[in-house]
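Asks: So the protein lines, in turn, are chains A and B.
Oh and the first sequence: position 72 is 180 in the working numbering, straight run, nothing missing.
Oh and the second sequence: position 58 is 40 in the working numbering, straight run, nothing missing.
Since the hints were derived computationally from the structure, they do not count as laboratory data.
Among the clues, some could well be false.
[Unchecked claim] Listed next, the stretches of chain A that the computed footprint assigns to chain B, with coverage defined by at least 3 CB atoms under 8 Å from CB atoms of chain B: (1) 160 to 167; (2) 171 to 184; (3) 225 to 239.
[As the list claims (entries may be wrong)] Some chain A residues flagged as far from chain B (calculated, every beta-carbon gap over 12 Å): (4) 147; (5) 198; (6) 201; (7) 259; (8) 261; (9) 290; (10) 298; (11) 320.
Beta carbons are placed, not taken as given, at the ideal position from N, Cα and C, and that holds for glycine.
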Amino acid sequence: MNEELIRKIVREELDKILKQGIKIGENTITITGTQIDMGGGSIINLGSPVMITRVAYLNVGSDSTEVTITGLNHERLLVMGHFHNANASSTVSYRVFVNDDTTSTNYYAQILEVTGTTVSASNANDSVFARAEPLGRAPFMIYIARPLGRIASNRYIKLICFNTYNNGANLTTRITSIVRQVDEDVNITSLTFQCSKSGALSSGSRIRVFDVT
Amino acid sequence: MVKAKRIVYNAETGEIHEEEFEFMPDEAEVILHTIDISQLIEKVNNVENKLNELIAEKKETSTLQS
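Working from the sequences, and respecting the hints, build out all of it.
Replies: This is the structure in structure tokens:
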């Protein structure tokens, strides 16, 4: 009897047991599709739960300038992580690029930055979405959606980005919206992160990519 | 242009490699508009005080005339 056959038998037996329900005290809990029936009229219906699956995790092992994640093919992605800036004298900026398009002027960014009571706003023909202070570790989060518009003139990959850098009284919150117009209705196939100073996407930076369904 | 390092990670295969590329470091980011909310509140308060003074003066003048 080979391993595959053993797995098949175990799966079938487990399936039979689960179909009979789980007996806890006087209650029998049965699971059918997305519905959990706990007996006595208590039914939990999960409907269509949001599924978040990690598809990539990168721990940057040496000081770099650019990181590219390929092999993706997703409608919606959530990216979480932090950038480590090993540069001791400069605050650096980080850009995000999608689907191998690393020409920054193909993107538009609307930026809102808040430090203390100072609110700054800017619009750039660029894809800068995060910053990190000298020797700092700056967390970020991005939600990326494939083109939502179905007509050619309104076909944009859109990104909503959050980032924080600096500390204490200089703690800065940064919110950025980024768009990239595309010709076709495409999935997200690759992501590139690039810093403004050579080597400032430094060792210890971490990037986690999740598929959102 | 300077030589810089790029890390390429394939999420499908798990393969990772490094390569060199030409890179142009950036100028500092330009912030176009800045508002200091505490200063803005102070300015609005000043305008409000001035308006109250003017209204009070106007009322005083009207009372004297009548």
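Asks: Against each hint, give a clear statement of whether it holds in the structure.
Replies: Consistency of the hints with the structure:
1. Judged by the Cβ-Cβ criterion of 8 Å, the region 160 to 167 of chain A is covered by chain B as claimed, because 3 of its residues qualify and three suffice.
2. Here the region 171 to 184 of chain A counts 10 residues with a CB under 8 Å from a CB of chain B, which clears the bar of 3, and the coverage holds.
3. Counting residues of the region 225 to 239 of chain A whose beta carbon lies closer than 8 Å to any beta carbon of chain B gives 10, which reaches the threshold of three, so the coverage claim holds.
4. Consistency note on residue 147 of chain A: stated as away from chain B, and its beta-carbon is indeed over 12 Å from all of that chain's, at 43 Å minimum.
5. With a cut of 12 Å on Cβ distances, residue 198 of chain A falls inside the contact zone with chain B, its closest approach being about 9 Å.
6. Annotated as non-interface, residue 201 of chain A brings its C-beta within 12 Å of a C-beta of chain B; the closest such distance is 6 Å.
7. Every CB of chain B lies more than 12 Å from the CB of residue 259 of chain A, the least distance being 31 Å, so the non-interface label holds.
8. No beta-carbon of chain B comes within 12 Å of the beta-carbon of residue 261 of chain A; the shortest separation is about 27 Å.
9. Chain B leaves residue 290 of chain A outside its interface by the beta-carbon criterion, the shortest separation being 21 Å against a cut-off of 12 Å.
10. Interface exclusion of residue 298 of chain A from chain B breaks down, the closest Cβ pair being 9 Å apart, not more than 12 Å.
11. Residue 320 of chain A, annotated as away from the interface, keeps every beta carbon of chain B farther than 12 Å; the closest lies near 15 Å.
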